[in-house]
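> Now for the letters of each chain:
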Amino acid sequence: MSVRPEAFIEQAEYLDRQSFLDWGADHPDESTIIRKLTQGGAKLISGPRGCGKTTLMLKAYNKLLSDNVALPVYVNFKRSLSIEPLYVSGDRGTYHFNQWILLKVYEGLYQSLAEIQNSIELSIPRSEAASRIAALEFSNYAGLPELDLTIDWLETDILRVLEKCGRSRCVLLLDDAAHAFSPEQQRDFFDFFRQIKTREISPKAAIYPGVTSYSSSFHVGHDAEEIDVWVKPERPGYLQFMRRVIEGRFPSDALDVLYRDKKVVDFLCYSAFGIPRAFLNILQSLLDSADDDEGGFTGLKRRQVLAEVKEHYQNTLKLFRSLNDKVPTYRNFIENGELVFGVGVDLIKEYNKNKPVAKQSVSIAINVADMSQELARLFSLFQYAGLCISKGVVSRGEKGRFEIFSVHYSALVNANALLGRKAVNIDDYVEAFSSRDAHEFTRVSPQALMNGRSVGELFELSLPPCSVCGAPRINKDAKFCANCGSKLTASSTYKQLISRDISALPLTESRVAKIKAQSSIRQVKDILLDKEHKQLRSVERVGPFWAERIVRLAEEFVE
Amino acid sequence: MNWKDSVNQVSSFVPVANVNAYVRVRAADGQAAIDRYYESTRDILTKVDPDFFTSNPPQVTSLLYIGLISATENYFRDVLGFILSVCPIAKIRAAEKKIQLGSFLWGGADLHSRTAFDFIAFSSAKNISDTFNDFVGHSVKPTGVWKKALDEYDKLCEMRHGIVHSGMVLSGKNALKLGLPYTNDVMLIEPSYATLQEAGGVCTTMVQSANNELFEALVRRWAVDWRKLPSWEKSCARKRLRAIRNGFYSGEDSKRGAIGNQVAFDTLLKRIEREFNL
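Listed in order, the protein sequences are those of chains A and B.
To convert, note that position 32 of the first sequence is 106 in the numbering used here; the numbers rise steadily by one, no gaps.
To convert, note that position 274 of the second sequence is 868 in the numbering used here; the numbers rise steadily by one, no gaps.
Isolated chain A, as found in the complex (with noise of 0.2 Å):
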């Protein structure tokens, strides 16, 4: 069985346009997503990361430069985050970061141009705009001449090319652009998105669900609708989107030996939480463990695949920890929210003892009138990492309104929380994720969740001292020092980010310390400078797709 290893490329970005196109697994709302994300009016379209966004905005840009009738732009704004410590070195970060916003889509509609065969010039060439940005990225833009780009400016050569090229208007499709978590850079990029939409000119956007910070002037629903395009497990053909995702890549050979257990590939499915990136590196896992063996890969082990499906949400948790270093006003929120996660996952334990298959639950509930500003705050931190899915809010009559929260699935698997079994083997699991009653949900309150402590006691905001005199801030809302009056700024998170050890990364544990011991890479900034990958690639069992891999995981990190 032979699966060539750019099948698990799961970034769709990464993909040559040939594979996009084979490979791609239509999404169960994929027509009306398309719909929306092609036709006029601004919009957001929300979910985790490797939920499937980037690769709607493709289809959207693929099928609008062959409609010929609107012009697409796609920009992938994942290095925002570079721009950051601009902000936080008082170097005007807003001015450069507009500034940077502006060229990325120049520069995209240059590349669009370049695919539907035109070449206009426009007010900035292509090569300065390149050459720009790569110098905002690195903070070595000073010695650059002045160039002040207008969003006026943008509008023009937008309406130019459109008359030039004879499309009516321009679809500006703007991937991973809210993902950095500074507020400020989102509250400079909401302003920058609602100030370009025109009856011509309609932006889109991808955000991720919970942590989006709009500027003040911005309004989800009356500036753009949101979109939510997580494809959540317990939807009808959930389990087609899933499998078509190995598909449209495994040759038949491989999938007729993964095929030889269905009920396998359904719990990895189900295992992934909607989130096909996570599928793919579940199956990559577990196909890179089989070339170990002798005799190579010859199905699936269902004791291998629950070892990977808890080490997946080990790494489903690193995630998570990650926003310590992203958000560190709120280090407590991520220390504590993990016991708080662990309670809720004990709670729906204890739940379903003694219940039959079909009334297995997998969410919990909090009363809405209950659920504090820390709470939901907290809850959205888990969306971002994907541990646990907004289902909404039911109401139960006289015992209020309840929000429900779906919890990962390899989060139950790893806590055994199902069945209240001691030994609940893969159908089991299939059975109870496949035919599971909505109505059953483990109400809780949030004292419960909290064992019994406050949440002033767990959820403080880490507040960084004054960065002059290291006087402790009065109060969280404070913007001035009380001591020495300078104004209150955040060290870089880009910067600390960088200087994390590999370690952070989602790596095992045997990967990092052969990466330790056989290169000079420590921390990841070395992945990232490290050109041609040659450290990487002076690592025993690192070739070319591995070392693409892990700089794409270190990108990621620093998103």
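It is possible that part of the hints are untrue.
With a straight-line Cα cutoff of 20 Å, these simulated SDA-like cross-link-like pairs (lysine to any residue) come out [what the hints assert, rightly or not]:
#1 A/561 / B/799
#2 B/849 / A/466
#3 B/771 / A/293
#4 A/553 / B/646
#5 A/561 / B/641
#6 A/561 / B/848
#7 B/849 / A/559
If you want the footprint, here are the derived chain B segments under chain A, 3+ residues with CB under 8 Å [to be verified]:
#8 634-646
#9 754-761
#10 781-791
From the derived model, a few chain A residues whose C-beta atoms are all more than 10 Å from chain B [stated by the list, open to error]:
#11 166
#12 168
#13 238
#14 326
#15 381
#16 555
#17 559
Treat the hints as calculated values from the structure; they're not laboratory data.
Note that CB positions come from ideal geometry on N, CA and C, so glycine has one too.
Got chain A; can you put chain B on it based on the hints?
Just chain B now, with coordinates in the frame of chain A:
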């Protein structure tokens, strides 16, 4: 008993006995406008803690907002006066404008460039932009932080209006500009520690970004435009650049190590000469 006195207490006339008691004279000290702003707002932003808002009524705490806006307005008055005193191009533009002679003559000669703007209010983004355009010939950069900060400052000015003119009641006109939802009831401006700190952030960001943008504009004029005027004397170039720098240079920020690219004057001069091929 006169029926006319039947609705409230009637007091005898009270004069302002001595207006001098209300004022004090501050010696001209050449302080940069931005440092004057820092000095005026420091106590408002650092000495007032959250408890102050619980132990004092809104009638008192709302005055802190006024203090902030007033300090911001004063920055613009100071910096405009400074620009007029050093920039020949601004002088040419100002020569075309009418001034209110009374206030101009009252102040001493050193204050002329400042008192000339006594009649202009800087409590709206439009007034600020228009004044700098009219008197200095500088259009606020549409891409700059100053422009963005002005939009936020405008929101504070709408609230200032309610505090100053209508006992903290937000008028319909101001509420509309702020995009607040319609209500049948009276909408009051409610001061809090968090909003005061935020307002301080808005004003300070605006002052800092304006200072930065205006410094850049004046240096550009020094390097390019002033040199084309008949009044230009090459021998005074250094002195005039130093004057520009001193007018915008914040000793406060320097002390705090908060200036992003702090350089000695000679280095600054060299960099500017290099950039403009002088």
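> Work down the list of hints and note, for each, if the structure agrees.
To see whether the hints hold, each was checked on the structure:
1. At roughly 10 Å between alpha-carbon atoms, residue 561 of chain A and residue 799 of chain B fall within 20 Å of each other, so this suggested pair holds.
2. Distance check on the hinted pair: residue 849 of chain B and residue 466 of chain A sit about 52 Å apart at the alpha-carbon level, beyond 20 Å; violated.
3. At roughly 16 Å between alpha-carbon atoms, residue 771 of chain B and residue 293 of chain A fall within 20 Å of each other, so this suggested pair holds.
4. Distance hint between residue 553 of chain A and residue 646 of chain B is fulfilled; the C-alpha atoms sit about 16 Å from each other, no more than 20 Å.
5. Taken as a hint, the residue 561 of chain A and residue 641 of chain B pair is honoured in the structure, with Cα atoms around 14 Å apart against an allowance of 20 Å.
6. Between residue 561 of chain A and residue 848 of chain B, the direct Cα distance comes to roughly 13 Å. Compliance with the 20 Å bound is thereby established for this hinted pair.
7. Using a Cα cut-off of 20 Å, the hinted pair residue 849 of chain B and residue 559 of chain A holds, with the two alpha carbons roughly 12 Å apart.
8. By the rule of at least three residues with a Cβ nearer than 8 Å to a Cβ of chain A, the coverage given for the region 634-646 of chain B holds, with 6 such residues.
9. Coverage of the region 754-761 of chain B by chain A is violated [criterion: at least 3 residues with CB-CB distance below 8 Å; count 0].
10. Counting residues of the region 781-791 of chain B whose C-beta sits closer than 8 Å to any C-beta of chain A gives 3, which meets the bar of three, so the coverage hint holds.
11. The beta carbon of residue 166 of chain A is not kept farther than 10 Å from every beta carbon of chain B, the shortest such distance being approximately 6 Å.
12. Under the 10 Å C-beta cut-off, the non-interface status given to residue 168 of chain A relative to chain B is violated; the minimum distance is some 5 Å.
13. No Cβ of chain B comes within 10 Å of the Cβ of residue 238 of chain A; the nearest lies about 26 Å off, and the non-interface call holds.
14. Non-interface call for residue 326 of chain A relative to chain B: holds, since the shortest CB-CB distance, roughly 55 Å, exceeds 10 Å.
15. Distance check on residue 381 of chain A: its Cβ is at least 49 Å (rounded) from any Cβ of chain B, clearing the 10 Å threshold; non-interface status holds.
16. Not every C-beta of chain B lies more than 10 Å from that of residue 555 of chain A, the closest at about 7 Å, which undercuts listing it as non-interface.
17. Not every C-beta of chain B lies more than 10 Å from that of residue 559 of chain A, the closest at about 5 Å, which undercuts listing it as non-interface.
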